[in-house]
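Protein chains in written order, with my numbering: chain F, 1 to 140; chain D, 1 to 140; chain L, 1 to 140.
Think of the hints as simulated: they come from the structure by calculation, not from any bench.
Hints may contain errors.
[Said to hold, decoys possible] Taking lysine to aspartate or glutamate and the DMTMM-like style, the derived pairs with C-alpha atoms no more than 25 Å apart in a straight line are:
id	chain 1	residue 1	chain 2	residue 2
1	D	Lys2	F	Glu140
2	F	Lys2	L	Glu140
3	L	Lys131	L	Asp74
4	F	Lys2	L	Asp74
5	L	Lys2	D	Glu27
6	L	Lys2	D	Glu26
7	L	Lys131	D	Asp113
8	L	Lys2	D	Glu6
9	D	Lys2	F	Glu36
10	L	Lys131	L	Glu56
11	F	Lys131	F	Glu68
12	L	Lys2	F	Glu6
13	D	Lys2	L	Glu36
14	D	Lys2	F	Glu27
15	F	Lys2	L	Glu27
16	L	Lys131	D	Glu36
17	L	Lys131	D	Asp88
18	D	Lys131	D	Asp88
19	F	Lys131	F	Asp88
20	D	Lys131	D	Glu27
21	F	Lys2	L	Glu6
22	L	Lys131	L	Glu36
[To be verified] In silico negatives: residues of chain F with every beta carbon more than 12 Å from chain L:
id	residue
23	Pro13
24	Arg15
25	Gly17
26	Ile21
27	Glu27
28	Arg31
29	Asp55
30	Ala64
31	Glu140
C-beta atoms are modelled at their ideal positions from N, C-alpha and C, and glycine is treated no differently.
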Amino acid sequence: MKSHTEYLTFNLPDRMGFLNITPQVEEVLRRSGIREGLVLANAMHITASVFINDDEPGLHHDYARWLERLAPFDPSPTTYHHNRTGEDNADAHMKRQVMGREVVVAVTNGTLDFGPWEQIFYGEFDGRRPKRVLIKVIGE
Amino acid sequence: MKSHTEYLTFNLPDRMGFLNITPQVEEVLRRSGIREGLVLANAMHITASVFINDDEPGLHHDYARWLERLAPFDPSPTTYHHNRTGEDNADAHMKRQVMGREVVVAVTNGTLDFGPWEQIFYGEFDGRRPKRVLIKVIGE
Amino acid sequence: MKSHTEYLTFNLPDRMGFLNITPQVEEVLRRSGIREGLVLANAMHITASVFINDDEPGLHHDYARWLERLAPFDPSPTTYHHNRTGEDNADAHMKRQVMGREVVVAVTNGTLDFGPWEQIFYGEFDGRRPKRVLIKVIGE
Chain F
1 MKSHTEYLTF NLPDRMGFLN ITPQVEEVLR RSGIREGLVL ANAMHITASV
51 FINDDEPGLH HDYARWLERL APFDPSPTTY HHNRTGEDNA DAHMKRQVMG
101 REVVVAVTNG TLDFGPWEQI FYGEFDGRRP KRVLIKVIGE
Chain D
1 MKSHTEYLTF NLPDRMGFLN ITPQVEEVLR RSGIREGLVL ANAMHITASV
51 FINDDEPGLH HDYARWLERL APFDPSPTTY HHNRTGEDNA DAHMKRQVMG
101 REVVVAVTNG TLDFGPWEQI FYGEFDGRRP KRVLIKVIGE
Chain L
1 MKSHTEYLTF NLPDRMGFLN ITPQVEEVLR RSGIREGLVL ANAMHITASV
51 FINDDEPGLH HDYARWLERL APFDPSPTTY HHNRTGEDNA DAHMKRQVMG
101 REVVVAVTNG TLDFGPWEQI FYGEFDGRRP KRVLIKVIGE
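Just need the whole structure built from these sequences, with the hints factored in.
In structure tokens form, the structure reads like this:
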């Protein structure tokens with residue numbers, strides 16, 4: 001079994017945002033030389049996500065509005081106890097749980113084995129600073 | 001390390017529905033000949049899920065009602081921007097994020113290493129058309 | 001490829017609760033002798049979660065309140081059909097879907113390859129009884 005690990009860094013300009021990182025994951029896979037196996041891609045920060053969905057700006061607008069409704073931003077210490085620690089990002093920890101930490105993708109014949117619309121996104125819920133994503137490929 | 005990949009196709013008669021696919025995943029595992037390792041099962045479409053929970057019709061009724069409350073179907077272009085593209089399924093992209101894209105299951109001694117009630121489901125949120133699920137087994 | 005499997009048992013004193021199980025997962029990894037690969041950690045029960053987030057009591061308080069808002073406990077048979085079976089835990093099946101069943105973590109150089117704040121939690125939504133978590137390490 002071979003394995004290959006890389007770390008990508010993203011710095012999104014807004015508090016919440018979605019970035020298609022499929023090309024970067026494909027490059028890591030190519031560099032790994034692995035043809036059959038699995039890729040793990042996960043946010044290394046707990047207010048960010050890696051998820052798979054559609055690369056359509058209207059949908060991303062909808063995701064942002066929907067997540068804000070499910071877990072509203074509120075920096076006051078009364079709504080979220082986490083924000084009594086000096087943080088203001090309790091909502092971001094919830095948004096990240098809805099969207100997920102990680103994806104595991106099949107590698108078949110040297111490519112990401114995807115359906116027609118699957119793309120990998122970095123989801124940021126407390127941005128404006130650099131954060132890392134881990135990519136690990138295992139297989140043969 | 002060995003690997004084995006198969007694609008299953010499901011066509012659910014309703015817009016939303018849940019199908020127990022554990023027997024099909026077990027057959028793929030048997031055909032793989034792998035005794036120790038991991039199985040990845042993921043929806044290849046972005047308005048569908050693969051998840052693990054209970055095979056109880058009342059619970060599936062509850063899931064459907066709950067997901068409809070969290071992310072209501074609304075084909076109009078005013079509620080969801082995604083539905084300005086000619087699509088009507090923005091809600092399905094949200095329901096899928098709540099239920100998840102994929103599961104990773106341990107393979108131990110040639111079987112899915114499950115607790116007493118764990119069953120694998122295909123979750124459909126924009127059905128009435130064929131969609132694929134990828135099953136990949138890696139191990140020895 | 002090597003593999004190593006262990007089962008941990010947890011019995012939380014309350015209906016809902018969160019327990020940091022990172023030290024136990026690290027011990028399993030150490031016993032496996034695996035230096036490069038993946039760890040799967042999953043709840044074997046369908047009203048519990050394994051997830052990765054912050055070890056901060058205020059946040060856990062917020063998670064509990066937020067999940068109660070998204071999927072309220074209601075033992076009556078009228079709100080949730082699942083509770084017509086004699087169960088009272090339909091809400092717990094929903095809370096578990098939001099928080100997830102499993103995590104897959106990279107093993108690099110013999111350690112869990114984590115960002116600065118990542119910790120693994122057992123999330124319980126129908127507690128006061130023993131439940132199992134599966135840890136499987138694969139790699140070299």
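For each hint, the structure was consulted:
For a cut-off of 25 Å, the pair hint linking Lys2 (chain D) to Glu140 (chain F) stands: about 9 Å separates their Cα positions. Proximity of Lys2 (chain F) to Glu140 (chain L) is assessed by CA-CA distance (about 8 Å); at most 25 Å being required, the pair is judged to hold. For the hint linking Lys131 (chain L) to Asp74 (chain L), the alpha-carbon distance of about 22 Å falls within 25 Å, and the restraint holds. Between Lys2 (chain F) and Asp74 (chain L) the alpha-carbon distance is near 49 Å, which puts this suggested pair outside the 25 Å criterion.
Taking the CA atoms of Lys2 (chain L) and Glu27 (chain D), the gap is near 24 Å; set against the 25 Å cutoff, the hint holds. With a C-alpha separation of about 22 Å, the suggested pairing of Lys2 (chain L) with Glu26 (chain D) holds against the 25 Å cut-off. Our distance criterion of 25 Å between C-alpha atoms is met by Lys131 (chain L) and Asp113 (chain D), whose separation comes to about 15 Å. Taking the CA atoms of Lys2 (chain L) and Glu6 (chain D), the gap is about 24 Å. The hint holds against a cut of 25 Å.
Taking the CA atoms of Lys2 (chain D) and Glu36 (chain F), the gap is about 9 Å. The hint holds against a cut of 25 Å. For the hint pairing Lys131 (chain L) with Glu56 (chain L), the CA-to-CA distance comes to about 23 Å; that is within 25 Å, so the pair holds. Taking the CA atoms of Lys131 (chain F) and Glu68 (chain F), the gap is near 21 Å; set against the 25 Å cutoff, the hint holds. This hinted pair checks out: Lys2 (chain L) and Glu6 (chain F) have alpha carbons roughly 22 Å apart, not beyond 25 Å.
Under the criterion of a C-alpha separation no larger than 25 Å, the hint pairing Lys2 (chain D) with Glu36 (chain L) is consistent with the structure, at around 17 Å. A threshold of 25 Å between alpha carbons decides the hint, and for Lys2 (chain D) with Glu27 (chain F) the separation of about 24 Å falls inside it, so the pair holds. Of the pairs offered as hints, the one joining Lys2 (chain F) and Glu27 (chain L) holds, with about 24 Å between alpha carbons and a cut-off of 25 Å not exceeded. The suggested pairing of Lys131 (chain L) with Glu36 (chain D) holds, with an alpha-carbon distance near 23 Å, which does not exceed 25 Å.
Simply put, Lys131 (chain L) and Asp88 (chain D) have alpha-carbon atoms about 41 Å apart, too far for the 25 Å limit, and the pair is violated. Taking the CA atoms of Lys131 (chain D) and Asp88 (chain D), the gap is about 17 Å. The hint holds against a cut of 25 Å. Simply put, Lys131 (chain F) and Asp88 (chain F) have alpha-carbon atoms about 17 Å apart, close enough for the 25 Å limit, and the pair holds. For the proposed pair Lys131 (chain D) and Glu27 (chain D), the alpha carbon gap of about 19 Å is at most 25 Å, so the pair holds.
A distance of roughly 24 Å separates the Cα atoms of Lys2 (chain F) and Glu6 (chain L); the hinted pair therefore holds under the 25 Å criterion. Taking the CA atoms of Lys131 (chain L) and Glu36 (chain L), the gap is near 29 Å; set against the 25 Å cutoff, the hint is violated. Taking the minimum C-beta to C-beta distance to chain L, about 21 Å, the non-interface status of Pro13 (chain F) holds against the 12 Å cut. Remark: the non-interface label on Arg15 (chain F) is consistent with the geometry, its nearest Cβ contact in chain L lying 18 Å away (cut-off 12 Å).
The non-interface label for Gly17 (chain F) is consistent with chain L: the shortest C-beta to C-beta separation is roughly 19 Å, beyond 12 Å. A cut-off of 12 Å between C-beta atoms confirms that Ile21 (chain F) is not in contact with chain L; the least separation is 16 Å. Even its closest Cβ contact with chain L, about 18 Å, leaves Glu27 (chain F) beyond 12 Å, as expected for a residue assigned away from the interface. A cut-off of 12 Å between C-beta atoms confirms that Arg31 (chain F) is not in contact with chain L; the least separation is 16 Å.
Against chain L, the non-interface label of Asp55 (chain F) holds: every CB pair exceeds 12 Å, the least being about 24 Å. Distance check for Ala64 (chain F) against chain L: the nearest CB is about 18 Å away, which clears 12 Å, and the non-interface claim stands. With 12 Å as the threshold on Cβ separation, the claim that Glu140 (chain F) sits away from chain L is violated: the shortest Cβ distance comes to roughly 9 Å.
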